[in-house]
Every structure is written in structure tokens, then in C-alpha cells.
Amino acid sequence: MIEGAIWRKWVFFYVPLALFVFVLLFPFYWMFITTFRPDGELYQPWNSPRYQPFWTNNPTWEHIKYLLEETLFSKWMWNTMLISGVSTIVSLFCGVLAGYALSRLNFPFAGTLGTGIFVTYLVPQTLLFIPLAEIIRNFNMGDTPWALMLTYPTFLIPFCTWLMMGYFKAIPKELEECARIDGASRWQAMVYIIIPVAIPGILSAGIFAFTLSWNEFIYALVFLSSPEQKTVPVGVTSELIRGDVFFWGSLMAGALLGSIPVAFVYSFFVEHYVAGLTGSVKG
Amino acid sequence: MAQVTIRQINKFYDDVHAVKDVNLQINDKEFVVFVGPSGCGKTTTLRMVAGLESISSGEILVDDVVVNELPPMDRDIAMVFQNYALYPHMSVFDNMAFGLKMRKFAREEIDKRVREAADILDIGELLKRKPRQLSGGQRQRVALGRAIVRHPKVFLFDEPLSNLDAKLRVQMRVELKKLHDRLGTTAIYVTHDQVEAMTLGDRVVVMKDGWVQQVGEPMDLYNKPANRFVAGFIGSPAMNFAGVTFVARDGGVWADNEAMKIKVPERLVERVRPHVGETATLGIRPEDMRIAGSADPVEYGFACDVEVVERLGSETLLDVRVGKDSLVASVDPMTPAKIRDKLRLALDPDRLHFFDGKTEAAI
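Chain order of the listed sequences is U and A. Using our numbering, the letters of the first sequence correspond one by one to residues 24 to 306. Using our numbering, the letters of the second sequence correspond one by one to residues 11 to 373.
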């Protein structure tokens, strides 16, 4: 915290904080208000006398109704959830084991390998999707959820491995050594001691992985083509923007509903999540 | 019931030779303390006994069985770590029961043993708490409890008291001593604190730079240090050292420097004679000096300037300067000596030590 006179606290803490909160939350507010604003208000020019961009007096469910009834939105939600869930679980499983091995087992080039894994995470997706598309085509997985469930881990596993490596390194080695003297094998020491202690780290890796796959756009756009296979970000933008016509109300409704699961997951684990990022293991 | 034999073990980390040719026989029920400055190889030796470090060469035997290749779980040892290493997600009970669960003990037996250990350590009320809800001393007890429930062949302690505050450390030291007396389990204890080593050990192993310097009972180390390092490491305040040259004069041998002329006592003369003309180090403990009276012989005393007077109550420490050397003497607490006094100190000739100038070994 900032010490000193009250004005300093305002100038250096509250005012910047308020600006920050405003910048972060305003898009959500805009999304929210647009969802419930009737079309008549949405398409008014800015200089019309009844122009009222920040509020509406005639809220309507019509956009949400349109989204749920006239589009395949619920199917997209299900697809996204399935794909994100599976790729998160796969990536967490691999990431936890790999992170443990890289941080705890002494083998030649462990450090180099760790760095190498991180570097693969830095290769941009916009480059990778070209060779990946070829692979997907060869395996005949195009336009199926498998295409994404298997390609998302290509960037999620390096990410989870890297995060878990750091977290495992912060856990005192003695815990594991003590368990092994107590009669646990290396595997038992990991399962009974290290993994339970690493739960905050695993949760934050999981939340991150889930969010990344939930929001993923390029692979989903390239590997899926039929409307009933699409995920929320691709479905909403491809079906609700027709030519140069934007269905703003339903678009925003899709974005709003699509962000609810992520917000829910975050709020549920927020305490663990913060502990995971700050890497605190209390003895 | 176990004895541990360490036979010619070495440890290399890449280019670093951390433990050098250590040999030691630890008898059943014995409490052996490894002591030395940090980086001397004592903890590495302990970890090799535990099975946490591989052994580069040599053998470790527990009850005549070579354990070099056995994983830690099969060595039937228990270890207490400096940072306690309590499992943070488990209650005190589960922490203590973990080793027994891993070894598939029956539930009733686990319960019985944990309660027994909790009684011994007086932590019966804490069994349901998590480690983070305990104070440092309580955590230390839980860590001890976790070791004793298993009834292992050997206890290993890796600086277990270092994280406690001074008062608690003294208290736990006494309790450890009682505990060992009661359980009689063979124990190996590593510390950098010579007071812990002296008070706890049946025998003490002093290490430096990977070498064992001396092995012996605490009072042997104190009375007959094998070399200058052991002499300076054991005892508090530390032994005083002064550079001298041996000179044959007046039918005897003298240890001289520009400010001090001390006659070598009869019992040492024969051993010192071959070194006449060489430089050496004279060692004398603070408690073996006193302010000289008129009856004290001149050849076992020297004149000095008092630089600091530290009154500790039970003793008074005088920091004095004699030529180039500055020495500490522990004298009568009621002494009227004060700073900038000039006075004479007398040495106890029976408690003089000499160390070779080059090898630093005791003469």
C-alpha cells in the first residue's frame, strides 16, 4: 500500500484503480446493454434526438430468444464445453506429469528440454495451423470435435507444463524426501503428497487451459466447417454476421452467454487461483 | 536395535569432492553427532545414509547389510528435517500416520502408535490440527512424532533445531536427549552448532571440507583436540591461538613471540623438541587463564592490555592484546579489571596446546 497523505492515496491508488476497473468492465457493460436493447434503439444514428447509448428504457429478450431458437447456439455451447473440457483434462494430465518430471527428476538435458517446451508455446498459432490442417486432413478428422480436442493440447500442454514446473519447484524437496523415507515409492510420494500440495497450481493451470480453449478462434475456424460442429466464438461470428449485416443484439447475447461458464469457473476457484499464481505453499 | 557402518565412503558432485573417505562405526543405541561448518559434507553423509543421495564409492551397512542400492523406504530409518517437512494438507494425526499407512499397518495399530507417540511428545491435543496452525516448537514435535511412530532402526536428524528460537532450542535439546534415553534408538544427528554436538552426542564427529577431522567423546574433543580446527571449533568462547616459535634455552624448550615467552611444560617437551626452530601455534582456552597473582610462575604468564571487559555474570571475559595477538580470557566475575588496564595473565600449563605451524596437527 501507499503510505503518506490521503491525497497521495487517491492520486496513486484509488484513481488509477477506478480507471482500470472502468476500462476492464466497460466492454462487458456494453455487451450486456446491447443484448437487452431493442433493434429500434440499436440502429439509431448518434445525432438523433432520442439517441441514448448507455441505457435503455425498453429492455427486451428478443435477441436471446432469436439466438436460442433460430441459431444452433445451444449446440455450439455444448461443442465448446466438450472440446474445452476434454482438451483441458488431457493437457492437465500431461502437463502435471511432465512438469513434475522436469522439475524433480534429474536426467540429462532436463533444463534444455524445459526451455524447449516453453519455446514451442511461443510459436504462433497462425503459423502452426497450416501444417496442422494437413495432418487433420490426413487423419480424416476435419469437421469433427476430434480436430480441436487433439490440436488444442499442442499449445495447452507446453503452457501447463511450464506453469506446473514452476509450481513444483516451489514445493520443498524435503516433503517428498520425507515421504520416501516414510515408505512411499516415488509414484506414491507424488500422488499422496506433491499433487495434493500442488492443487492450487493445478487449478490455475486448468482454469487457464479451459479459458484458452474456450476462446480459441483460428483452429476452430479452420478445422470446422458445418454449422452444427462449430464452437461459440466461431459460430456466433460466422452465423450472426451475414455479409456486411451485423446482428448486434444476438451477437452480444451470444458473447454474454458464452462468457458465463468461464466467469463461473473463475469465481468458483478464484482463491485457489490467486494462490496458484503467487505460488504460495504454506508449511 | 541397529548399528550403522560407514566404510570408506566418498561423494562427488561433478567436479566437487564433497565427502572424502569417511569411515565410522556407529554402535547400537549410540547417539552420534556430525558437526562442522556449512559445506563440510556432514549433511551429504547423512543423506547418503538415508538413501537420498547416491554413494560415489564405499559402503554403508545397517546391521551388517549393505544398503547402498536400497531405496530410502527399505532402509527402515526415520529422518527429521530442518524445515520439518510436515505434509501441509494433512492433519497432525495423518502426518504421523502416513509412514504406517504406507507400510500397511492395521488401523488399530496405527491409532495406538500415534497416540503413544503423541503422549510422549505431549501433542495429544493437536492431533486434529493442520501444520499451519502450529507454532514452530509444536511443528518440531510433530516431525519428531512422525519419526518415532515407526519404531525405525535408526533416527537421522538434519539440523532439527536450527529453525527454532534460542530459548526453544535449548528446551528441545534437553527433550531430545530424554527421548533418546527413553527409546534407545541409534541416532545420527547433524548440526553446525558445537553446543548441540557437545550436549547431545555420545560421540561427536567433526568434519571440515569433506574430511573427518576427529571422532571422539565430547570431553575428549575438548581436552585433546587432534588439530587446530577442532580446537577452535569445539568450546565457547573459542580457544585462543597465538603464533610462536620453539626455541631451546636454559635447558628447556620455550614457545616465544615478541610479546610472550612461555615455557613448554615437561609433559610436552619430548614431543616438541624435534620442532625446535619451527613456527607453531599455541592454543589456550579462555577458561584456562586467570589474572596472575604474585605466586604464579613467570614462565606461564604474560603482560597484556585490556581492550574490552564483558561481564556475563557467571564469568567475566577480558579481551586483551598481547603484541600482535588478541586473546580472550575468562576470569573471576568479580575482577576489578577495567578497560585500558595493564595486567598479567597466568596460563594453566597442564592445559596448553601446541599445533604444528604447517600441518596444524596437535603436537
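If you're looking for bench data, these hints aren't it; they were derived computationally from the structure. For every residue, glycine included, the Cβ atom is placed at its ideal position computed from N, Cα and C. One thing to keep in mind: the hints can contain errors.
[What the hints assert, rightly or not] Per label pair, the in silico range of CB-to-CB distance:
1. A:Val205 with U:Lys192: 26 to 36 Å
2. U:Lys192 with A:Lys122: 30 to 40 Å
3. U:Lys192 with A:Gly146: 55 to 65 Å
4. A:Ser67 with U:Phe287: 57 to 67 Å
5. A:Pro81 with U:Ile218: 17 to 27 Å
6. U:Phe116 with A:Arg139: 48 to 58 Å
7. U:Lys196 with A:Lys122: 51 to 61 Å
8. U:Lys32 with A:Val205: 44 to 54 Å
9. A:Glu126 with U:Trp210: 50 to 60 Å
10. A:Leu71 with U:Ile218: 33 to 43 Å
[Unchecked claim] Straight line, CA to CA, 27 Å or less: simulated DSSO-like cross-link-like pairs of lysine-lysine:
11. A:Lys140 with U:Lys196
12. U:Lys192 with A:Lys140
13. A:Lys138 with U:Lys196
14. A:Lys218 with U:Lys196
[What the hints assert, rightly or not] Examples of chain U residues toward chain A, derived with CB under 8 Å:
15. Glu197
16. Ala207
17. Gln211
18. Val214
Each hint, compared with the structure:
no., hint, result
1, A:Val205 with U:Lys192: 26 to 36 Å, "holds, 35 Å"
2, U:Lys192 with A:Lys122: 30 to 40 Å, "holds, 39 Å"
3, U:Lys192 with A:Gly146: 55 to 65 Å, "violated, 25 Å"
4, A:Ser67 with U:Phe287: 57 to 67 Å, "holds, 60 Å"
5, A:Pro81 with U:Ile218: 17 to 27 Å, "holds, 20 Å"
6, U:Phe116 with A:Arg139: 48 to 58 Å, "violated, 33 Å"
7, U:Lys196 with A:Lys122: 51 to 61 Å, "violated, 32 Å"
8, U:Lys32 with A:Val205: 44 to 54 Å, "holds, 50 Å"
9, A:Glu126 with U:Trp210: 50 to 60 Å, "violated, 30 Å"
10, A:Leu71 with U:Ile218: 33 to 43 Å, "holds, 35 Å"
11, A:Lys140 with U:Lys196, "holds, 20 Å"
12, U:Lys192 with A:Lys140, "holds, 23 Å"
13, A:Lys138 with U:Lys196, "holds, 25 Å"
14, A:Lys218 with U:Lys196, "holds, 25 Å"
15, Glu197, "holds, 4 Å"
16, Ala207, "holds, 5 Å"
17, Gln211, "holds, 7 Å"
18, Val214, "violated, 11 Å"
Of the hints listed earlier, those the structure fails to meet are numbers 3, 6, 7, 9 and 18, in rising order.
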